[in-house]
Every structure is written in structure tokens, then in C-alpha cells.
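Student: As you go down the protein sequences, you meet chains A and B in turn. Using our numbering, the letters of the first sequence map in sequence onto residues 1 to 258. Using our numbering, the letters of the second sequence map in sequence onto residues 259 to 614.
In case anyone wonders, no lab produced these hints; they're calculated from the structure. Bear in mind the structure is a predicted one, so any value in this text is a computation, not a measurement. Some clues are possibly wrong.
Here are the simulated distance ranges between beta carbons [said to hold, decoys possible]:
#1 A:Gln141 with B:Ile407: 55 to 63 Å
#2 A:Pro154 with B:Ile578: 29 to 37 Å
#3 B:Leu269 with A:Gln158: 33 to 41 Å
#4 A:Arg60 with B:Leu269: 57 to 65 Å
#5 A:Ser152 with B:Leu269: 24 to 32 Å
Okay, derived cross-link-like pairs now, BS3-like style, lysine-lysine, Cα gap no bigger than 27 Å in a straight line [to be verified]:
#6 A:Lys109 with B:Lys476
#7 A:Lys157 with A:Lys172
#8 A:Lys109 with A:Lys139
#9 A:Lys109 with A:Lys172
#10 B:Lys476 with A:Lys172
#11 A:Lys139 with A:Lys124
#12 A:Lys124 with A:Lys109
#13 A:Lys124 with B:Lys476
#14 A:Lys139 with A:Lys157
All C-beta atoms in this analysis are idealised placements derived from N, C-alpha and C, irrespective of residue type, glycine included.
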Amino acid sequence: MAEILRTEQLSMEFGGLRAVADLDLTINEGEIIGLIGPNGAGKTTVFNVITGVYRPTTGRVIFAGQDITGWRPDQITAQGIARTFQNIRLFNTMSVLENVMIAKHVRLKATLSEAILGLPRYRKARQEHYQECLELLEKVQLDDVAFEQATSLPYGKQRRLEIARALATEPKLLLLDEPAAGMNPQESLELMEFVQRIRQEFDLTVFMIEHHMEVVMGVCQRIYVIDYGVNLAEGNPEEIQNNEKVIEAYLGAVDTNA
Amino acid sequence: MEGRARLELMLTLIVVLLTFGVLYIAQGNMNSFYIRVLNLAAIYAILALSLNLILGFTGMFSLGHAGFMCIGSYVAAILTMSPASKEIIYFMEPIHPWLANVEWPIWPAILLGGIIAALFGFLIGFPALRLRDDYLAIATLGFAEIIRIVVTNVIPITNGALGLKNIPSVDSLLVYWGCAIITIFVLMRIINSSWGYAFKAIRDNEIAAQAMGINIFKHKLMSFTIGAFFAGIAGALMSFLITSIDPTMYRFTFTFQILLIVVLGGMGSLSGSVIAAVIFSIAMEVLRFVEQPMNLLGMEVPGIPGMRMVIFSLALLLIILFYRRGLMGTNEFNWSWVLNRLGIRSSHRVKRGEAN
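Generate coordinates for the entire structure from the input sequences, incorporating the hints supplied.
Tutor: The structure is reproduced here in C-alpha cells:
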């Protein structure tokens with residue numbers, strides 16, 4: 001399996017706080033990888049550093065053989081990393097379809113003046129994107145609400161729309177930040193199936209932060225555990241479940257005298 | 259194209275033609291005062307539309323509009339004044355020799371006014387748009403004042419604090435409303451294009467927009483520059499309407515008048531801006547009486563200049579308190595709504611199935 005993302009000695013400091021410390025991650029093509037850790041462990045910061053929201057204090061991020069450390073988020077998106085957000089960040093004033101079409105803007109092969117004059121090249125390009133996005137919505141089963149206001153959707157569908165929007169940027173690597181947050185067990189189960197299905201269908205690599213252990217253990221092939229920004233453990237679900245350091249981080253030190 | 263869409267396009271064309279017809283008739287029959295008020299309304303409409311692009315659609319809190327307007331005004335005025343009147347007016351210091359004999363027709367002067375304002379918008383936006391919210395407001399306000407101070411002090415070009423007089427007068431409704439209609443058309447096309455959605459995405463959620471691959475800075479700068487361009491056009495028209503300008507006209511208080519129109523009409527609604535601009539300029543004239551000496555319940559009240567703005571400020575206060583979305587909110591005038599109200603339904607319920 002070819003490597004797709006690697007971080008080398010990645011550190012992120014905010015003032016005196018070290019949110020991420022000397023983190024080494026390796027993700028291979030086609031994998032579904034989990035990133036877990038207690039609250040405040042620095043998981044979202046890892047995502048923010050990978051996607052360029054923050055520039056790491058030290059260390060490097062290598063994506064598909066290219067050093068993308070310090071690139072702008074939009075450049076990193078263009079390179080093929082898409083993400084969703086822990087707190088849903090949809091474009092509130094737009095419809096579901098319009099939300100997805102935003103992702104196509106950078107791929108539009110026409111100029112603003114062509115758009116103002118309504119020239120065929122612009123209209124054709126836009127119409128193509130329109131069709132592509134409708135098809136995408138069909139694949140994620142949101143086509144029935146394509147023309148609804150994004151914010152009018154139920155919570156679960158908003159989450160799915162965020163993923164759809166990320167898919168529309170045509171990524172190779174998809175970062176999901178707590179996709180199952182606030183979902184009941186049934187919805188979580190559906191989400192797991194959904195993630196596995198889109199990984200197949202869109203030929204993706206998935207890297208997800210998740211608190212629901214059933215979800216993480218259910219879909220991830222490998223899991224990274226971090227605490228206080230430090231890599232605590234790495235392994236398949238079984239290894240992680242039996243790792244003493246992990247249990248300690250989550251439940252506190254095991255008192256052997258008890 | 260589906261039947262309903264064709265009907266709507268035809269209605270739009272009819273309204274545009276009708277507007278020009280009405281303007282043409284009004285030109286012949288209305289007295290010059292009314293024409294002037296209507297022309298002013300067109301200028302305010304262009305200003306409000308362009309500020310709305312920056313503020314309402316892209317979400318940048320910019321207060322530099324008076325500055326861009328000032329540039330457009332001066333560029334157009336200097337280019338179109340006759341060499342003879344330039345010689346008379348520039349008596350403190352003679353005019354720069356390059357400009358002394360320039361006498362352009364109005365259209366290229368209007369266009370160049372817009373282009374130079376856009377150039378300044380670009381140059382100011384470059385550093386300023388790295389800021390956001392109140393910080394951006396303060397920075398743009400500062401830049402607008404800098405423009406005004408510079409204009410006051412480059413006497414060989416602008417004639418300093420004395421201002422410019424004898425600018426060729428244009429009183430044709432077609433010129434002002436023609437420009438306004440072109441502005442509406444262009445901005446409508448931009449707003450409904452992929453770029454317009456990118457602007458709105460930035461307004462709705464900057465971090466998400468960036469994660470969608472949109473270069474935030476580039477798009478903000480684009481929106482800001484286009485806004486400055488149309489502010490410059492409006493400034494140029496202002497020169498031709500009032501024929502004498504001086505730097506004090508373009509104080510930041512002027513920006514607040516435009517801001518008031520935008521908020522009144524609805525941030526994020528082009529039709530709202532146009533409607534509010536017309537209401538504002540007519541109300542400004544109608545309310546003139548409150549600045550006259552009055553007899554209130556047996557008390558003699560002397561005329562207080564500026565009372566009109568007090569009324570507008572109160573109106574703004576009430577809008578912010580009770581009707582925050584303004585007249586139109588983020589909605590636009592559209593034929594579907596009108597036709598549905600009239601009971602003309604399309605044969606089958608259509609999804610809005612065409613991409614813009």
C-alpha cells in the first residue's frame with residue numbers, strides 16, 4: 001500500500017501550550033484510520049494543521065509525496081485533502097445543491113467577464129458542474145432535498161451534506177471530524193456504512209476523529225491514540241482496546257491495590 | 259427554456275423598456291427639480307448596490323465608500339472641464355500642465371473615474387482586507403479619510419479645498435438611470451454567478467469556504483475592487499449632477515448615508531438597495547420642511563439644519579430594533595412571486611432546475 005499522508009515530528013504550540021507534540025503519523029492509500037483521545041487531546045488541532053488552518057510550529061506534513069507544510073487551506077484542498085468540521089459549518093443562506101456547488105467554483109473553466117456577459121463557455125461549464133453535483137447528491141441520498149435550505153435539514157442530513165460537500169472537491173483523502181457526534185446508535189450505524197460505502201465508491205482514504213467507540217472500532221483498520229498532543233499508541237482496534245496506556249488515559253491510572 | 263421562464267424573461271424586458279419609456283417621457287415633462295431628485299436617487303442606488311456587494315454579499319465591513327466616490331468624482335470632473343474654466347478656477351496654483359488642456363466627453367470620463375477608483379480599491383484592499391470586522395471598518399474609514407486629505411492637498415491637480423466648479427452639467431435621466439440599470443444588471447449577473455456564490459460562502463462561513471478550495475483573500479479583493487469601481491462611477495455622476503465639488507462633501511458621514519440605505523433595503527438584497535435608495539432620496543426632499551422654522555403647539559421652533567438626518571437616524575434605530583432584515587432581507591424581487599400572487603401558476607410544479 002502506498003503512503004498518502006505522513007507527518008514528521010509535527011508540533012503546534014499556542015503561546016506556552018503544546019497542543020501537538022512531535023507527532024508522527026503515517027496513512028496509507030485506501031485505509032480508514034481513526035484518531036482518538038480524551039477531550040482536549042489535540043485531535044482537532046492535528047486536523048487543522050494538516051489542512052493548513054494552522055501553520056505548525058515545527059515539523060512537516062507530506063501529502064502524496066509533496067511537502068504541504070505551511071500551504072493555505074485552499075491550496076491544500078486543491079491538492080486533494082477535504083474535511084468536515086466538528087461543529088457543522090454549512091453555508092446557511094444557500095440550498096443543499098448550492099452548498100455542494102461551492103466546491104466546484106475553483107474548477108470552473110471560465111472567467112468572471114464571461115459570467116457577466118452570460119457567454120456559452122461559462123454557462124456550459126456551470127451546467128456541467130450542476131449535473132455533477134446533482135449526481136453526487138443522488139449518490140449520498142440527498143437528491144430529494146437538493147433545493148431545500150441547508151439549515152432546514154435534520155441534523156443527521158446536515159452531517160451527511162458536509163461530507164457530500166467535501167466529496168465535491170474531489171479529494172483523495174477525507175478528514176472527518178467527529179462525524180457521529182450527537183447521533184444515536186442507529187444513526188451511528190448508518191454513518192459507518194455510509195463512510196465505508198463512499199470510501200469504496202470515491203476511492204478514498206479516510207482519517208476520522210471520533211468519540212463513539214463502536215464507530216471507531218467498527219470501521220477503522222488502524223487507530224492512533226493521542227493525549228496531550230503526544231502519540232500514545234497506534235494499532236488495530238483490538239490492540240488499542242487492550243493497550244494499558246490507552247485505558248489509563250481514558251479511565252485514569254489502574255489502582256493495583258484495589 | 260420552459261414556458262414560465264420565458265414569460266419571466268419577457269416581463270423583465272418589458273419592464274426595462276417601460277422604464278426607459280417612462281424616463282424619456284419624464285425628461286420632457288417633469289420640472290428640473292424632480293428630475294434632479296430622480297437623478298440623485300440613481301446615484302444613491304449605484305452607491306448602495308456597490309456597498310451591498312462588499313458588505314451584504316461578501317460580509318466585509320468596509321466604510322471606505324466615500325473615498326472611492328471622491329476619486330471617481332475628481333477624475334471625471336478634471337477630465338471633462340473646459341481648459342478655459344480650469345484656467346480661471348486654479349488660481350492658487352496653476353493646474354498641472356498635463357491636465358490643463360484635457361477635455362474629454364463624459365462617457366470615457368465616467369469609465370475612467372470608475373477604473374481609477376477600482377485601482378485604489380485594489381491598492382487599499384491589499385493591506386486592509388487582511389483584517390476583518392470592526393478592524394476592517396476602522397482601516398477602510400482611515401483610508402477614505404486619507405484619500406480626502408490627499409485630495410485636499412494636491413492643489414495642482416485638485417485645486418485643494420476650493421474644490422472644482424463649472425463641471426459640465428448633465429441632467430439627462432437616461433444617463434443616470436442608464437448607469438444604474440447597467441450596474442443592477444452587472445451586479446445581478448455577478449451575484450448569481452459562481453463568483454457570487456463564492457462571495458456568499460465567504461460571508462456565511464469563511465473557514466468552510468476556504469476548506470472548499472476558495473482563495474478567500476483573492477475573492478475578497480475582487481469583490482472590494484468591483485465595489486470600488488461602481489462607487490467611482492457614482493462619484494463621476496455626482497460631479498455631473500451638482501457641477502461643483504469640494505473635498506468636504508466626501509467626509510465619512512457620507513458613507514454612513516449609504517450604509518443607512520443598504521441596511522434599510524436589506525443587507526444582501528440588490529432590489530432592496532434600489533428601493534431604499536429611491537425612498538431615501540425622495541424622503542430627503544420631502545422632509546426638508548422639518549428644517550424650516552416651525553410653529554409647534556404655539557411654540558416657535560427655529561429651523562435646525564440637519565434635522566432630517568436625525569429623523570433618518572431614528573428610522574435606522576427602529577429598523578435595527580424591530581425589523582433587522584430591512585425592507586427586503588436577503589430576498590430579491592422575482593417574477594415567480596408576483597405571478598404566484600396573481601394566481602398565474604405554471605402548468606407543472608418545476609424545480610428551479612437551471613444553473614445560473
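Student: Take the hints in turn and mark each one as holding or not.
Tutor: Hints, verified against the model:
no., hint, verdict
1, A:Gln141 with B:Ile407: 55 to 63 Å, "holds (60 Å)"
2, A:Pro154 with B:Ile578: 29 to 37 Å, "holds (33 Å)"
3, B:Leu269 with A:Gln158: 33 to 41 Å, "holds (37 Å)"
4, A:Arg60 with B:Leu269: 57 to 65 Å, "holds (60 Å)"
5, A:Ser152 with B:Leu269: 24 to 32 Å, "holds (29 Å)"
6, A:Lys109 with B:Lys476, "holds (17 Å)"
7, A:Lys157 with A:Lys172, "holds (23 Å)"
8, A:Lys109 with A:Lys139, "holds (25 Å)"
9, A:Lys109 with A:Lys172, "holds (22 Å)"
10, B:Lys476 with A:Lys172, "holds (25 Å)"
11, A:Lys139 with A:Lys124, "holds (23 Å)"
12, A:Lys124 with A:Lys109, "holds (10 Å)"
13, A:Lys124 with B:Lys476, "holds (24 Å)"
14, A:Lys139 with A:Lys157, "holds (13 Å)"
No hint from the list above goes unmet by this structure.
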